[in-house]
Structures are given as C-alpha cells and as structure tokens.
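> Those protein sequence lines, which keep their order, are chains A and B. Residue 1 is where the first sequence starts when you use our numbering, and the numbers rise one by one after that. Residue 1001 is where the second sequence starts when you use our numbering, and the numbers rise one by one after that.
These aren't lab readings, by the way, just hints derived from the structure by calculation. The beta-carbon is built from N, C-alpha and C at its ideal position, and this holds for glycine as well. Hints are supplied without guarantee of correctness; some may be wrong.
[Claimed, not checked] Footprint (simulated), chain A over chain B, 3 or more residues, beta carbon under 8 Å:
#1 1025-1032
#2 1282-1294
[Stated by the list, open to error] Taking CB as the label site, the calculated pair distances span:
#3 A:L287 <-> B:R1010: 25 to 31 Å
#4 A:L144 <-> B:T1053: 27 to 33 Å
#5 A:D284 <-> B:P1015: 41 to 47 Å
#6 A:L144 <-> B:T1028: 43 to 49 Å
#7 B:L1021 <-> A:G78: 53 to 59 Å
#8 A:R281 <-> B:S1193: 35 to 41 Å
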Amino acid sequence: VSIFLAVTRENRHSFWSFVIKRLSASLIALWLLSTVVFFLIEVLIPYDHPAAEGTTTGRYLAYMGGLITGDLGRSYTGEPVIDVIIRALPTTLLIFGTGGILAYLLGSWLGRLSAWSLGKLGRGLSSTAALALYTMFPPLLVFLLAHFGREPLVAGREAVGLPVDSLQVFRRVPYSETDLVNFGGLALLVTLVIALLLRAMARRMGWRMVGSFAVPASLAGLVLAIVHVGIGDLALDVFFLRSANEVEIGAGSPVLVVIAFLLLAFGEVMFIWQAGMVDERTEDYVLTARAKAVPEREVRDHHAAPNAWLPVLARSFSSLPILLTGLIIIEYQVQIGSCALAEGASCVYWSGGLSTMLFTAVRDVDVPLILGVLITMGVLIAILRLVAEIAHAILDPRIRLGDRR
Amino acid sequence: MNGASASVGRILGDPKVRAGLVLLVFLTGLAISHPVLRDTVWAEEGLLYHPETGHDSELVHPSGWSAQHWLGTDPLGRDVFSTLTFSLRPALVVAVLAAAAVGVLSLLAGSMAAYFRGLLDQTITSLADALTLLPPAIALLVVGLDRPAFGVVDAGLLFGVSYGLGPATLVVRSRARSLMVKPFIDCSRVAGSGARRIISFDLIPHLLPYAGVQMMAAGIGALTTVAFIQYLGATDAARMSLGSMIYTAIDVQPVLPPGFGTFNLGDYSARIAWNAIASAGLAMTLIAVAFYLIATGTRDAVVPETRSR
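Using the sequences and the accompanying hints, generate a full structural model.
Structure representation (structure tokens):
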C-alpha cells in the first residue's frame, strides 16, 4: 500500500493514464470476445433459434444491447442467465481462490528452495515430480486421491469412533453441500488473507519467528476450528465416505477439488519460481550479501526473491489459461456422480461451480447459458489480468513509461 | 554465416532436445507398430487383438501381463498393448498439431506486430487480448463435447489457433518488441535488410525459445483436454483413445466369468486395471515430458544464461 501511494503521488499522471489505457483495452477485448464467441457458437453449434428473434445481425445487436445493461438473456429453463451464474460464482471463486493461494504458497516455497539449495540432481528430481503432477490427466489424479485416501480415512474414523456409514453421516448434517463449500471456502480464504497480512507485518517489525509460522499456524488453527465445529469432518465425508460405501468412483467434494487443484497447479508455480531464482543466483548483489555474512535464507528470501518476483508475475499470467483448464476439468470430474446417495439422506446436491454449469449447458445445448458462462469467465480473467498488470506497473516503472519512449 | 541455420544446429545439438526427440520418435514408433502388428503377428488371431472389439474369453479380466498380452487386458478383455498403440496416434496428432499451429501463428503474428507496429500491431494485440479471455480448453469443450464428427485434427487446430493467436502471440510480441530496440536490428537494417529478412533471420531465431515454451503448453493442454472429452464420451466404449482407456480402467465394471459370485467391493478393488491405467497415464506423461525437454532444451541452446548452473 505504501509503495502504491508513493507511486501514485510521485507519478500521478503517467500512472493513471496507464490504468485508463489498460482498462479501456480490457473493455475492447471483452467486446471482441463476446463478438467472437457469439458468432463462433452461431456457426458451430446448430440449434433452433426461436423464430421471433429475427436475423443473426438482429440477434447480435439485441444481445450486445442486453450485455451493456447486464442482461444475459434467459436460459432454456426460463430462468435469467445472470441469476444462474450468480448462484454458481461463489463456489468457483472460493475454490479457485483458495486452491490458487495454497498452490502459490507451496510452489513458490519449493521453487525458491530447489533453485537455491538443491544440487543439479535434486533440482532435476523435483522438476520431474512437479512435471508429472502438472501433466497428470486430471480424472486420473482424482481417482488416485480417492483410491488411496479412502482406506486410511475410514480406518482413522473408526479408531476415534466416528460413524463411517455415509447415510448416518448425512442424516446428521444440517447443511447443504453448497453451504459447506461456501462457508468452508470463505473461512479458508479469509484465514489465508489474514495470515499473509500478519506475515507481512511481522516481517516489517522484525519478528522472524512469527513471520515464518504465520501461514502454517493459521492454517492449522483453521483446521482445528473446523474439525471442532464438525464441518471439516463433514466436508471430508462428502467425498471419501461416499465412495467407500458406493462403487461410484469419482463422486466428490469441494475439499477434493481444492486438493487436486493444489497438486496440479503447484508444479507450474514451482517451475516459474525456480527459473526466476536461478537467474538471480549469480548476480553481484547476492555475492555482496554473502560477503557481508547475511544468513543464506535471508539472501534467498529477502534479497533474491523480490528481484525474481517481477518475471514470476509476468510468467504466471501466461500460464493462467492452462491452470484454468485443469480447474475446470477437476471441478467437473469431481462433480460427476456427486451425491449419488442423495435419496433419503439430508444431502442436497452440490450445485457445483461455473464449469459444472458450462458442461450441463453444453450438453443441453442451452445457448444463452453457454454464452453467459463464457463471458463471465472472460470477465474474471480480464479482472485478474488487470490487477496483475497494475501491480506490475507499480513495481516496474519501465512499463508505465515504456510507451513514451 | 546464416543466423537461422546456425541456431537450428545449436538447438539440435542440445542434449535435452535430443532426449526429447528420441522420446517422441519412440512414441511415434509405438504408434506405427500398431498397423504393422495388426497386419502381421495379430492377423492370424482374428479379432482377438482388435483395439476396440477384441476379447480374450480364456482369461478373467482385467488380467496382468503375459506372453500373449504384453501389457495385460482391460476390464472388457481387450489387449492393453494393442489399445495403447492404437490410441497413441490420435494423441500425438492432437499434441503436435496444436503445438505446430501455436508455433507458426505466434511467431508470425508476434514478430510482425513488433516490426510493423501501428495499426497492424493494434489489430493483432486486440485480437490476442480478446482470445486470452477465452481459455482454449473451454472453446474446445464447448465445440467438441458430444460431437463425434469433431475429430482430433479439428480439435488440435482449434486449440492451436485460439491459443496461438491469443496468449502465445502476446508473449512472443512483447519479447519481439524488446528485441526491436537492440543494436543488431539497426545493423541489419543499415546493411540493407528488408522487413522479410529481418523478421525471418534476426527476430524469429531469437523468439524460438519463447514460442517453444508456448508450444509445449499448447501441446500438453490440447492433449489433456481432448483426452477429457474422450473420457467423458467413453460411455460408447467402442471408440478407443487414451482418455477412454482410463475411463474403461477406472469406471467400467469388469466382465466377470460365470460363477464368480455376486459383485462386491473387495473383489472389485482387487481387480482395478492398474496395467491399463498406468499404460495410458504414462503415455500421456511421456508425451508431455518429450515436449518439455524439447522446449527447455531449445531455450537453453538459444538463451545460454537460462541453463541451470
């Protein structure tokens, strides 16, 4: 925040003109996207247009007009598309947010560690492991997690006397699965944000111990809290127990989505950090810091890492589409067959997130809903990009001033 | 000294690139072995080794490896080696096509945008910005789900074009713009090089490693997405692919011989077709590893300072 204020104060004009320029570029991109998507679907997905809606051009103009006022038309079920999307959005945001933050923390830590401290062999091994996870077929990853996670979990529950029959578990659950996702995800997200702020503050004040334990301790605290309340336990049940009693493999819970996404995404973050840090290792300032007997960890985390951060940020966004692919597949994969046991139990269908909605829409050829989901995803990515670009511009003045050259 | 051929020579000499190419050749060899074996060794057995409809009625399926079935059989009794080699061809076609499309499009669009600037640059960048907002996997899923007529070639090209003109062009263009202010471009211009010469001999060789990383991402992404479409479409178990191999291995209940008793979880989990899961999973990982080795090796060869020290 202080950097932000300093930058905006000292260079107000160029900063705001940069922001306005990027914002208008994003809006143009969004308009182009909706046009491309509209005509792509028009050409590629044959469906019966209601006769009343007139020509393609007429429909396009009407759709664009609606878009400006936030009206995405009506789904074939009769419900306004915007309402359907708003219902699914929190789940997607929470899963992507928490999974993304956890993957970033784990990946950046491993990336820094492996680039700095491991030899060539260790780096090769950790890269191979990360590559194997990153390229693993998502349904296979979900299957392996379920297959090997199930038995220890059931055994653990039996040992402490918790019910292992999923019907029993669901009868005592007063919440729907969607509530679980939203409450659990929100709690995790808030905890992570608080932990990161705490860590930043502790570093500033020089309390090193507090700084390094802020994130793990907060996460552990959250886990204890939700286990105490009984929600975390339930969230785990939702997946593992159901598949223990049912042959249905692939039924799942939000917890599994987050874990699978974490495993899939951290490798990419690790690669990016590794590359960034390896470049910094031979810089003169690192040698200077070492010559002054600065502890190695401090050189790594406080001298080299901040310098590696810019290229990392730039590269992270070009890998965003690929990470999203993984998330979309995993979310849907886990959703398939979810709640196979719903009859009689108080388990309510987990309505899933945007990706589940997209798959359903594609299978039902619900064109207004397909368009709506695609445009919503476009808006989300545009917002992420804009935030990253502004952060980049604040940190690197060359970008703000670049075009004046 | 020709800059382009010198850098191609350096790239081909890099050990990582060589390892990646060897791996790719090996996988292609496996794919080619299918029609060869089909017409020679397996021809006498009739439909026993057919990748889609074969069934060995003398064994309990899924079975482990044996002399007759090198990689065992899947829950439906099909020979895993046969289905694997059969499925590798479409998988390689998708990955290579997507990567090639990304390479060609991003190098051309990115370098031309950086060289000519002005209106052309604005047009290319706006389109790329817009396409970046549409993850190519989603485009592919929307168009390809539940549509058998949409083949692997269409899928590879659609993925390659939407990724190549989108995110990949943005990356290559920004790199090309920083190259354009380097003195060697001015030297080339003073020496009388035209636009075509500068783009193809001065810009593109330096942009190759950046395009290479994007090509890898596209190849892996296309492979995964298409496999997922196949996995979802796999209720029609006759259409064979890496995705449906995994579907069959995970989700299809084994065909039990008469008198095997009622179905229960214990018997089921003892009989998960790990051979089929591992074969298909490993094949996908190996394709990805080959792409990774070629991309990072190219980067090491052209940008020596990224080589891990």
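> For which of the previously enumerated hints does the structure constitute a violation, in increasing order of number?
Hints 1, 5 and 6 contradicted; others consistent.
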